[in-house]
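Undergrad: What follows is the residue order along each chain.
2 protein chains.
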Amino acid sequence: MNQAVDQTALKKPLPETLLTALHSLFGERFTTTLAMREHHGRDASSYDPMLPDAVVFAESTDEVAAVLKLCSEHRVPVIPFGSGTSLEGHILAAQGGISLDLSRMNRLLAIHAEDLTATVQAGVTRKQLNHECKDSGLFFPIDPGADATIGGMAATRASGTNAVRYGTMRENTLALTVVTANGRIIKTGTRARKSSAGYDLTRLFVGSEGTLGVITEVTVRLYPQPEAVSAAVCSFGSVADAVNAVIQTIQLGVPVARVELLDRNGVKAINAYAKLALPEQALLLFEFHGSEHGVQEQAETVQAVVAEHHATGFEWATRPEDRSRLWAARHNAYFALLQMRPGCRAISTDCCVPISRLAECILETQADCEANDMIYSIIGHVGDGNFHVQMLVDPDDAADIARAEAVNARMVGRALAMDGTCSGEHGVGLHKMDFLIQEHGVEAIESMRMLKHAFDPCNIMNPGKIIRW
Amino acid sequence: MNQAVDQTALKKPLPETLLTALHSLFGERFTTTLAMREHHGRDASSYDPMLPDAVVFAESTDEVAAVLKLCSEHRVPVIPFGSGTSLEGHILAAQGGISLDLSRMNRLLAIHAEDLTATVQAGVTRKQLNHECKDSGLFFPIDPGADATIGGMAATRASGTNAVRYGTMRENTLALTVVTANGRIIKTGTRARKSSAGYDLTRLFVGSEGTLGVITEVTVRLYPQPEAVSAAVCSFGSVADAVNAVIQTIQLGVPVARVELLDRNGVKAINAYAKLALPEQALLLFEFHGSEHGVQEQAETVQAVVAEHHATGFEWATRPEDRSRLWAARHNAYFALLQMRPGCRAISTDCCVPISRLAECILETQADCEANDMIYSIIGHVGDGNFHVQMLVDPDDAADIARAEAVNARMVGRALAMDGTCSGEHGVGLHKMDFLIQEHGVEAIESMRMLKHAFDPCNIMNPGKIIRW
Chain F
125 MNQAVDQTAL
135 KKPLPETLLT
145 ALHSLFGERF
155 TTTLAMREHH
165 GRDASSYDPM
175 LPDAVVFAES
185 TDEVAAVLKL
195 CSEHRVPVIP
205 FGSGTSLEGH
215 ILAAQGGISL
225 DLSRMNRLLA
235 IHAEDLTATV
245 QAGVTRKQLN
255 HECKDSGLFF
265 PIDPGADATI
275 GGMAATRASG
285 TNAVRYGTMR
295 ENTLALTVVT
305 ANGRIIKTGT
315 RARKSSAGYD
325 LTRLFVGSEG
335 TLGVITEVTV
345 RLYPQPEAVS
355 AAVCSFGSVA
365 DAVNAVIQTI
375 QLGVPVARVE
385 LLDRNGVKAI
395 NAYAKLALPE
405 QALLLFEFHG
415 SEHGVQEQAE
425 TVQAVVAEHH
435 ATGFEWATRP
445 EDRSRLWAAR
455 HNAYFALLQM
465 RPGCRAISTD
475 CCVPISRLAE
485 CILETQADCE
495 ANDMIYSIIG
505 HVGDGNFHVQ
515 MLVDPDDAAD
525 IARAEAVNAR
535 MVGRALAMDG
545 TCSGEHGVGL
555 HKMDFLIQEH
565 GVEAIESMRM
575 LKHAFDPCNI
585 MNPGKIIRW
Chain Y
125 MNQAVDQTAL
135 KKPLPETLLT
145 ALHSLFGERF
155 TTTLAMREHH
165 GRDASSYDPM
175 LPDAVVFAES
185 TDEVAAVLKL
195 CSEHRVPVIP
205 FGSGTSLEGH
215 ILAAQGGISL
225 DLSRMNRLLA
235 IHAEDLTATV
245 QAGVTRKQLN
255 HECKDSGLFF
265 PIDPGADATI
275 GGMAATRASG
285 TNAVRYGTMR
295 ENTLALTVVT
305 ANGRIIKTGT
315 RARKSSAGYD
325 LTRLFVGSEG
335 TLGVITEVTV
345 RLYPQPEAVS
355 AAVCSFGSVA
365 DAVNAVIQTI
375 QLGVPVARVE
385 LLDRNGVKAI
395 NAYAKLALPE
405 QALLLFEFHG
415 SEHGVQEQAE
425 TVQAVVAEHH
435 ATGFEWATRP
445 EDRSRLWAAR
455 HNAYFALLQM
465 RPGCRAISTD
475 CCVPISRLAE
485 CILETQADCE
495 ANDMIYSIIG
505 HVGDGNFHVQ
515 MLVDPDDAAD
525 IARAEAVNAR
535 MVGRALAMDG
545 TCSGEHGVGL
555 HKMDFLIQEH
565 GVEAIESMRM
575 LKHAFDPCNI
585 MNPGKIIRW
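As you go down the protein sequences, you meet chains F and Y in turn.
Quick note: the first sequence uses the working numbering, first residue 125, plus one each step.
Quick note: the second sequence uses the working numbering, first residue 125, plus one each step.
No lab work stands behind these hints, which were simulated from the structure alone.
Be aware that one or more of the hints could be misleading.
Where chains are identical, the list cannot tell them apart; a pair therefore holds if satisfied intra-copy or between any two copies.
[Claimed, not checked] Pairs of lysine to aspartate or glutamate residues, derived as EDC-like cross-links and limited to a Cα-Cα distance of at most 20 Å, are as follows:
no. : residue 1 : residue 2
1   : Lys399    : Glu445
2   : Lys258    : Asp497
3   : Lys193    : Glu567
4   : Lys258    : Glu162
5   : Lys258    : Glu351
6   : Lys392    : Glu238
7   : Lys399    : Asp446
8   : Lys392    : Asp497
9   : Lys193    : Glu570
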């Protein structure tokens, strides 16, 4: 499928002295077996696998530091690995080297319920964190869909369905423990909710995709579980009506917790996959968090807004089982779509625009998909102006892939022309390095390159991602 | 008063060629008059003035770039200047050079009401921005007290009373235009609400205090003016009761828009200054934003919480004039305190701790003030765990100043031991460079130094602030 340009550019066999040192430090937690390298050489993107030369399972920050010191000395690439759910080729070993698997660093270090914070090792997943803080009456809201690790989510600046209310990893990460390329261990912040003490190292590493250092511990904000939760769905004759209803909802300041769009194709796929009988129209799904009265008030406001935009079939529910039923369509959207074209893979896109331009951006992109006979659906975290077009392609058909990538490129161009971004939440990885230049301009990219060179002078930290050396 | 250590270390006369070039470019907007240099050589801190050698009034990003290119070539320091309200010596010309005054860059470039964003030149003040967006039904919530410029607020990562609900400049800055030390102009972001496109240059410059580049334009988030606003006040026999009531309010997830603490000394000063008759006890002031019913619900919840903590005299109000009356005490707090000791100046402190430790931190600090016979009051943005002790000192009494600084140092040590920060919102400037090391540790400071060296290789950007070269 998608081929990396510089897969073999700098690739060379690992030095024997490094192999020996890693083996003696990590024993069976250091491996070069093909199966393990294959597992660590692919992510959820459409790229062909690119295998690391070896895999190390670290169990502590000190072990990560030891790996980085050795790899720094030997000029060998290090690619941090969490759960392998990234979507833009972040964890592929484009230049070989060591995949540094942090999934065994999965201890919850502290929940400070009284401060609404938790500190976890990087390999803790978001579901694990939520499971472990459930009894404290708190929850961690960031939900990118996959059960990603908190370290990986910080590294890609992830967000997802709840971001419209609770923000992204950018807003919810208070502090990190990071190991820099030379093996130094730094703490980037404290548990204070705000600080103006020096350069914002936390935000520097959030979203840096393993290219500036390895995140080994994360302190995040938690939130009180809302007193009441309600959900609502409704259908629209056009995507434009649906999106315009969302725009008005946001402009009114309704504090929706989630608002998701599914286009007609997505709903059709769901109906087929989950044996549902939803109207085959654009669908909006809402979730409201607040007091009993507050969620009712929000639902009433939204009901009035969507009615103005010709919504039909407005339903809302407060009981958990009814909410789950209403939202069932959303949870299965990705897998349902894959069923529409057996043997295919999905190329996912990810733009975010100022909300006033969202309808326009989605409609033009939809028209482009239609004009190119794509098999696709559109899913949007529309409250943030963020949406994804999933296009199904034949992994063995280069022309098919090229057509989809051309749709993606035009979609990015459209978003940038609207003062939006080429990546709302998936990151840059291998896939968006050119779009990144297009978005930021060469001068800003030069600043990013200065950062990379300052923090990683030997270019061993996940090389070949975000910016070219 | 407070003396800078390295005031004259690198100071030398400006080169004649630079003077000539600046004069020919800026005409009367370039000046070396003593009056103008004095105006630009002091801020709202307790430092003695440190005068720049000259002042330039820039009117565009290109003019800022021209100044930086020239100063870079001549290795002359440049200190960005907004409204001069910083509190830690940020704008003092510790090593001489050019004060680059941005106050004439005061144009509102765009309000995108439908996207809840505004883009302003750096010299626009927060009051000006709020005045100009009033008719659009929106407001900009960050309120540090002084009518600071938006550029200055971004540069110091400012916050203030509304941060508990709306966040700080960190959360509310979407994009910046920045001129780097070599005169390059970069745009750090777009108007998309979220992005995972590359390194977070926006957050790198927010809080960098002019030491990495000059912020010339800022895109910020705006918010719909709330449908309803209400205010409440109540008194407590002890600071501990007041703070514990706040802790519980936050832990319950009540979305208070503001919650401010004034200690008994502060209330006494206000009574004397504004001829009020408030009970001379610790005072909490709340503000609630939301729907009519929402603000009532919040006020009721808070009333129940404060009652558990022995509050007295709970009053709440929704009409603007009544709200203003309730909050009058807060608005005059700083000036009222100054009246308690004629001829004095205030040394202000600024710590932020995890909220569960706030009562302890305030009480120990209060005891320290009492033990040292300070004339002081405590003001807290307590919902964030942030508080200030204002100590009145005789500017000509070195021992008096030293006593106050010792109280401050112990307060910082206490906050750091509680996993808090040495600066909640005032920044580092000249004053907190040693505390910054204490907070972050030498390894993290080394990373900050790498950033500084990468972005400002000749050390001309506000040198001698945040970290030592």
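Undergrad: Determine for every hint whether it applies to the structure shown.
TA: Do the hints match the structure? See the list:
1. Lys399 with Glu445: within (18 Å within a copy, 59 Å between copies)
2. Lys258 with Asp497: neither (46 Å within a copy, 47 Å between copies)
3. Lys193 with Glu567: between (32 Å within a copy, 15 Å between copies)
4. Lys258 with Glu162: neither (35 Å within a copy, 58 Å between copies)
5. Lys258 with Glu351: Classified as within; 14 Å inside a copy, 34 Å across copies.
6. Lys392 with Glu238: Answer is neither; intra-copy 45 Å and inter-copy 32 Å both fail.
7. Lys399 with Asp446: within (17 Å within a copy, 59 Å between copies)
8. Lys392 with Asp497: So Lys392 and Asp497 pass the 20 Å test inside one copy only (17 Å; across, 75 Å).
9. Lys193 with Glu570: Answer is between; shortest inter-copy Cα gap is 17 Å, intra-copy 27 Å.
In terms of the numbered hints stated before, the structure departs from hints 2, 4 and 6, listed from lowest to highest.
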